[in-house]
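Residue numbers (the numbering used here), protein chains in the order written: chain H, 4 to 286; chain U, 2 to 687.
I should point out that these hints are in silico values taken from the structure, not numbers from a laboratory.
All values derive from a computational prediction rather than experimental measurement.
A hint or two may mislead.
One side only, chain H facing chain U, incomplete, derived with CB under 7 Å [stated by the list, open to error]: (1) GLN14; (2) PHE15; (3) SER54; (4) HIS60; (5) ALA249; (6) GLN252; (7) GLY255.
Taking lysine-lysine pairs in the DSBU-like style, the calculated list, with each CA pair at most 30 Å apart, reads [unchecked claim]: (8) H:LYS107 to U:LYS469; (9) U:LYS499 to H:LYS13; (10) H:LYS13 to U:LYS469; (11) U:LYS499 to H:LYS113; (12) U:LYS301 to H:LYS13; (13) H:LYS103 to U:LYS469; (14) U:LYS434 to U:LYS176; (15) U:LYS315 to H:LYS13; (16) H:LYS257 to U:LYS469; (17) H:LYS107 to U:LYS470; (18) H:LYS107 to U:LYS301; (19) H:LYS113 to U:LYS331; (20) H:LYS107 to U:LYS649; (21) U:LYS315 to H:LYS245; (22) H:LYS107 to U:LYS499; (23) U:LYS315 to H:LYS113; (24) U:LYS673 to H:LYS13; (25) U:LYS649 to H:LYS245; (26) H:LYS245 to U:LYS673; (27) U:LYS649 to H:LYS13; (28) U:LYS649 to H:LYS257; (29) H:LYS107 to U:LYS594; (30) U:LYS499 to H:LYS103; (31) H:LYS113 to U:LYS301; (32) U:LYS176 to H:LYS103.
Note that beta-carbon positions come from the ideal geometry of N, C-alpha and C, so glycine has one too.
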Amino acid sequence: MKSGIIFDIKQFAVFDGPGMRETIFLKGCPLHCPWCHNPEGQIADPMLMVSYAACIHCERCSAVCPSPDDCILCGRCIPECPLGLRRIAGEVITAQELEKRIRKDIDIYKENGGGITLSGGEPLMQHDFIIEFLDRIPDIHKAIETSGYASPEVYDAVYSRLDLIIQDIKIFDTHEHERIIGADNTMILRNAEKLKHGDKPFIIRIPLIPGITDTEKNYSQISSFLQGSRNLMRVELLPYVKAAGAKYQMVGRKYEPVFFNPEQDPVINTEIFEKRNMRCIVL
Amino acid sequence: MTERIKEMKKFFVTDKRQKESWQNKTDQYALARTMTGKSDIDRAAIRLKFVLDNETPVVYPFEKIAFTRTIQTIPELFTEEEMQELSSKFHIHEKGDVCNINVDYSILMKAGFAGTKQKLEALISNSSDERKKHYWSLQIDILDSVLSLMKRYVKKAEETNNITVRDTIEYLLEKPPVTLLQAMQMFRIIHFTMWAGRNYHNTIGRFDQLFYPDYKHDLDCGVLHDSSTLELVEEFCLSFNRDSDLYPGMQQGDNGQSLVLGGYDLDGNDMYNEFSDIAMQASLDLHLIDPKINLRVNSKTPLDRYILGTHMTKQGLGFPQYSNDDVVVKGLIDLGYRPEDAINYVVAACWEFIIPGKAMDIPNIAAFSFAESIRKNTIENLSNVKSFKEFLNLVDMQINKDANALLDSIKEVYIFPAPFITLMIDGAVEKAKDISLGADYNNYGIHGTGIATAVDSLAEIKEHVFDKKDITAEELIKGLETNFESNERMGNILRYDKEKLGNDTESTNTLAAHILSTFAAALKERKNERDGIYRPGTGSAMYYIWHSAELGATPDGRKKGEVIPANYSPSLFSRVDGPVSIIKSFAYPDLTKVINGGPLTIEIHDTVFRNDESIEKVARLIKTYIDLGGHQLQINTVNRDTLLDAQKHPENYRNLIVRVWGWSGYFVELDKCYQDHIIARIELAV
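Pulled out of the complex, with its shape left as it was, chain H reads as follows (with noise of 0.2 Å):
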């Protein structure tokens, strides 16, 4: 039986597939996007989160500290929080107690038309323990929400087993991808042909980060790219906000946007889908 880690599970997520939905959050990601809003989801193992903005410096944490120079993640300090501001994020779970978990409410999220996704992190990262939970359930609608990047025989194995894909497509360009996110995004485009060309219906999220992903370029070979796609329910624009960096204190980082300007406004071009006859919408 495999385990798996999650940070959270959200109840009642509206914008993550159709009906309502519950999501299920994995750990670890392979992707180092300087954007990303979920620095707890980035690193695979459990860690101390500390909503710092409202501590009060009552130092009763660190006087029960045995190791203050490095969390070794006793959970010690966590009561000792007036006002409860210290938890661990990451939870080692089976798949069988997930599942146990989200049967407990399924019933009202199926008579809703939902179901459960899965987000991240990068869910396909724990692709042996996603495998496991979806063969579970089959009897109720799974969707997910993926950078893409995964081989391709992972990529199918658990493609087989969705009702839905959510997938990004940030930057199209390979070399300005690498550039960027550190990682090159052969993977990523070799499994979007997939749902391209696939059965499945599909969403394509492009995250509008201002002068990166919002260039006229990058639009335009997204859009051409995805001409065509039988199943393409939609693409879906989700303009930068300039609060994604507000948790990175919590893990005891300091959120530093590079490669661009987090105040600026992205561009939002939604014809540009229109005209190629794709259904484009901004979240």
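Mind docking chain U on chain H? Use the hints.
Using the frame of chain H, we list chain U on its own:
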């Protein structure tokens, strides 16, 4: 919205130009000093006549429905000294006036002012009962003052060249209304007169059922078509915002001007009609806090209606409020209301379920503090019991004892007479029985505050003292007595534990059902002094503030004086799993047993209402709560003030979720600069 309505909205709501016609404030006791020796019924009639006779008609050229208040000070019935004496002898509820009921407007509207006067004259000539004859003559006097003011309005309308207003009011001087315009003008005059007699917080009732016949008449005769009906309804809705600055209440908006749409009859037929839709549309267009909309729904209500309601919720005004006929009607029948009355229920000023035209219920006469009983019992008994079951038995006894003591404290209730309102109470005119002395139903409603705090406290005791045994009874009691200074860590553990109502845990769900049922059972045995019953409820009104202030530390880790949640909602510092868990938990108890009213209140960030797809999902969430057996629900779109307060007191806003991009986060977990950003964005939104 037509240009005329836009202009009226600007005039009355934005610029508040009606204030230019206000008369100066006067000594509120001046009239009372001239009434020494007079009976209370005479005083009530004299006061109302005094206000009506001193009113100056105001007719605006752009309006079709007239009547605007100019008198700022409604005189008191009693001098300060007389009032002191009354207060020492009697239980005076709020200001003492008849309030928070729903009259049957159709009684007066069917007969007309002149017709009602003739009926009263006939009663006088056929009776030899001097008391009755005197009462009826007072009612005639009041109607004479109403008719005289209407005549002054006709004259004023003539001078202003407002022919519509002139003709409408002139018609109503002689006859009952036939058209929708006439009916709405008559309602406006009645409503104006009620407030002039300081009968406040009396609700509008089943708006769509009341006006449907007039609407149908106009459609059949071709007097109105859909768009002109909408314009007229919008003007009517606007009229509730004309005088509201002059109404008594805790704050602007707390004025009880709520109406009810939809509902089901005893055969299960849906009473929501085309006119209900027009009312919804009017409210959506106007975007005003009055009138407040309540939607009656049940498990058969189509999703579309919830979607329409959710479009309204999106506007951030906190309504519609939903009430579930399946639960409410059964609950009211179980309390002894006749089925034909229960099915006709409306919502009082806030959320209490009341019966139009037949009840002098006081649905907010007192409030029971669940958390206080739990705290008291923990301190006194926890160290003497061997099992949680034994402890819970003692809790039941405590609730029973405290509830009975509360009921014992409610006696000698005295309400000021209201002879005008009595004209709209079923069967009251013939008996000449003033509404203040009672009607068919004379029940008292008891709010229940701090349900979540009480349940969470019990669940934590069960978990830590009896199941895990990691906290001893003595440690916990000491913690409560020292406000957790004896063991802060223990307080934190109790406070941030998962066993909180709204997390859909078996323990909290069953404990909620248990204590609500104990509370209901305690009240069931008792009758009030008006031969009515006591109605248990899940509302809190302002009591949640008062009870919080008096309440010491509680076993859920709440500190002394810290606020308990309002109404029927999760504790403010509990971090619950999400809205699905909340609705499942709060629909779990049998709510027919606690049907005085009091909604589950959930907050949803305004960005969740971003598009039609997500609006439909919110509508589905609401429908799910109703289908699971929830009794009443209100949804708040999260607003700026809440967020600002959350910055100051983050520990109280654990459940406050904000949508920040393709993701949602807990507001209190964001760094301040991002919090500020979201607050700024909310200022720009809507």
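Status of each hint after checking the structure:
1. GLN14: Result: holds, 3 Å to nearest chain U Cβ.
2. PHE15: With a closest approach of 5 Å, the PHE15 of chain H hint holds.
3. SER54: Hint holds; SER54 of chain H Cβ to chain U Cβ min 4 Å, cut 7 Å.
4. HIS60: violated (14 Å)
5. ALA249: holds (4 Å)
6. GLN252: holds (6 Å)
7. GLY255: This hint is violated: GLY255 of chain H lies away from chain U, its Cβ roughly 13 Å from the closest one there, beyond 7 Å.
8. H:LYS107 to U:LYS469: Between LYS107 of chain H and LYS469 of chain U the Cα gap is close to 24 Å, so the pair holds against 30 Å.
9. U:LYS499 to H:LYS13: holds (16 Å)
10. H:LYS13 to U:LYS469: Distance of about 28 Å is within 30 Å: holds.
11. U:LYS499 to H:LYS113: holds (26 Å)
12. U:LYS301 to H:LYS13: Holds. LYS301 of chain U to LYS13 of chain H sits at ~29 Å (cutoff 30 Å).
13. H:LYS103 to U:LYS469: At roughly 24 Å apart (the allowed maximum being 30 Å), LYS469 of chain U and LYS103 of chain H satisfy the hint.
14. U:LYS434 to U:LYS176: holds (26 Å)
15. U:LYS315 to H:LYS13: Within the cut-off at roughly 22 Å; holds.
16. H:LYS257 to U:LYS469: violated (40 Å)
17. H:LYS107 to U:LYS470: Distance ~28 Å between LYS107 of chain H and LYS470 of chain U Cα, so the pair holds.
18. H:LYS107 to U:LYS301: holds (25 Å)
19. H:LYS113 to U:LYS331: holds (29 Å)
20. H:LYS107 to U:LYS649: Between LYS107 of chain H and LYS649 of chain U the Cα gap is close to 36 Å, so the pair fails against 30 Å, i.e. violated.
21. U:LYS315 to H:LYS245: holds (24 Å)
22. H:LYS107 to U:LYS499: holds (16 Å)
23. U:LYS315 to H:LYS113: At roughly 25 Å apart (the allowed maximum being 30 Å), LYS113 of chain H and LYS315 of chain U satisfy the hint.
24. U:LYS673 to H:LYS13: With a Cα-Cα distance of about 23 Å, the restraint between LYS673 of chain U and LYS13 of chain H holds, given a limit of 30 Å.
25. U:LYS649 to H:LYS245: holds (22 Å)
26. H:LYS245 to U:LYS673: Roughly 13 Å separates the two Cα atoms, so the pair holds.
27. U:LYS649 to H:LYS13: holds (26 Å)
28. U:LYS649 to H:LYS257: Holds, at roughly 24 Å.
29. H:LYS107 to U:LYS594: The hint holds at about 27 Å.
30. U:LYS499 to H:LYS103: Roughly 18 Å separates the two Cα atoms, so the pair holds.
31. H:LYS113 to U:LYS301: holds (18 Å)
32. U:LYS176 to H:LYS103: Not OK: LYS176 of chain U and LYS103 of chain H at ~69 Å, beyond 30 Å, violated.
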